[in-house]
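*Asks:* Chains A and B, in that order, give the protein sequences.
Quick note on this note's numbering: the first sequence kicks off at 1218 and runs consecutively.
Quick note on this note's numbering: the second sequence kicks off at 50 and runs consecutively.
Derived by calculation from the structure, the hints in this document are not laboratory data.
Don't take each hint at face value.
Said to hold, decoys possible - Every beta carbon over 10 Å from chain B, so not counted as near; a handful from chain A, in silico:
id	residue
1	V1236
2	S1239
3	G1245
4	R1272
5	R1280
6	F1281
7	S1296
8	G1301
9	N1317
What the hints assert, rightly or not - Derived list of chain B stretches under chain A, where covered just means 3 residues or more per stretch with a C-beta under 8 Å from a C-beta of chain A:
id	segment
10	99–110
11	113–125
Unchecked claim - DSS-like cross-link-like pairs, simulated, lysine-lysine; straight-line CA separation at most 30 Å:
id	chain 1	residue 1	chain 2	residue 2
12	B	K91	B	K112
13	B	K106	B	K117
14	B	K106	A	K1230
15	A	K1274	B	K91
16	B	K106	B	K91
17	B	K106	B	K128
18	B	K108	B	K91
19	A	K1230	A	K1274
20	B	K108	B	K118
21	A	K1274	B	K118
22	B	K108	A	K1274
Every residue, glycine too, gets a C-beta built ideally from N, C-alpha and C.
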Amino acid sequence: KAGVTQTPRYLIKTRGQQVTLSCSPISGHRSVSWYQQTPGQGLQFLFEYFSETQRNKGNFPGRFSGRQFSNSRSEMNVSTLELGDSALYLCASSLGTGGNIQYFGAGTRLSVL
Amino acid sequence: EDQVTQSPEALRLQEGESSSLNCSYTVSGLRGLFWYRQDPGKGPEFLFTLYSAGEEKEKERLKATLTKKESFLHITAPKPEDSATYLCAVDTGFQKLVFGTGTRLLVSP
C-alpha cells in the first residue's frame, strides 16, 4: 500500500511569491492535515480537510490556505511569501474520525530567500 | 490552552543503557496520545497510540505507557539505530495534533 506522497520535495522561492504544495493521501483515507515544522516552533497544525471541507484550522495568517479534491488529494497554498515561511511542510492522512492514526509524508522543504 | 511538554530535550545513551522519555500534557479533551519517531530529513513515523490511562503498548525495544497527565516511552537496551527524535502528540479533535518539541536521542555503540 502506497504511503502519503508529497510533491515537490524541495522548493526555493523569493519573498513575495506564492507557492502551492501537493499531498496525495493513503488510499481510502479521507482526512488530510497539514503541519509546519521549524526548528524554533516544532510541528504546528495548519488545517485539516475531510471530504473536501475544512473542519479545523490552526493559528496561521490568511496567507496560508488549502483545499481538498474529491479524490482526497489536497493542496496547500502560501501567498506573499515571507522569510519566516521557510520550513518543512508536512502532510498527514487518516481515516478522519477522532483519535485516528495520522500517517505523515516525507514533507516539502520550502526555502524563502 | 492545550499543551504538550517533552523531557529531556536531548538524551545521550550508551548501547544497552535503558532509559525513559517523558511527555506531559494538558488538554481539554484527549482523543488519543501518539508517539512518533522522526529521522533527519524525513516525516514522522508512527510508533504508538494510547487512548486511556493505564494503557500500555510495546514494540521491539520500545514500550509506551499512559497516565491521566503524562506518557512515558521506555527504551530497553537501545541500539544505535534507535537514534532519532521522538515526538509526542495529543489529538484534540478533528485530527488536530498538538506536538511537543521532541526528545533527540543519540545511542552510541
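*Asks:* None of the hints should be skipped; say for each whether it holds.
*Replies:* Do the hints match the structure? See the list:
no., hint, verdict
1, V1236, "19 Å, holds"
2, S1239, "15 Å, holds"
3, G1245, "15 Å, holds"
4, R1272, "4 Å, violated"
5, R1280, "20 Å, holds"
6, F1281, "15 Å, holds"
7, S1296, "23 Å, holds"
8, G1301, "18 Å, holds"
9, N1317, "7 Å, violated"
10, 99–110, "violated (count 1)"
11, 113–125, "violated (count 0)"
12, B:K91 / B:K112, "23 Å, holds"
13, B:K106 / B:K117, "16 Å, holds"
14, B:K106 / A:K1230, "43 Å, violated"
15, A:K1274 / B:K91, "24 Å, holds"
16, B:K106 / B:K91, "24 Å, holds"
17, B:K106 / B:K128, "20 Å, holds"
18, B:K108 / B:K91, "21 Å, holds"
19, A:K1230 / A:K1274, "25 Å, holds"
20, B:K108 / B:K118, "23 Å, holds"
21, A:K1274 / B:K118, "25 Å, holds"
22, B:K108 / A:K1274, "33 Å, violated"
In the structure shown, a violation is registered for the earlier hints numbered 4, 9, 10, 11, 14 and 22, in ascending order.
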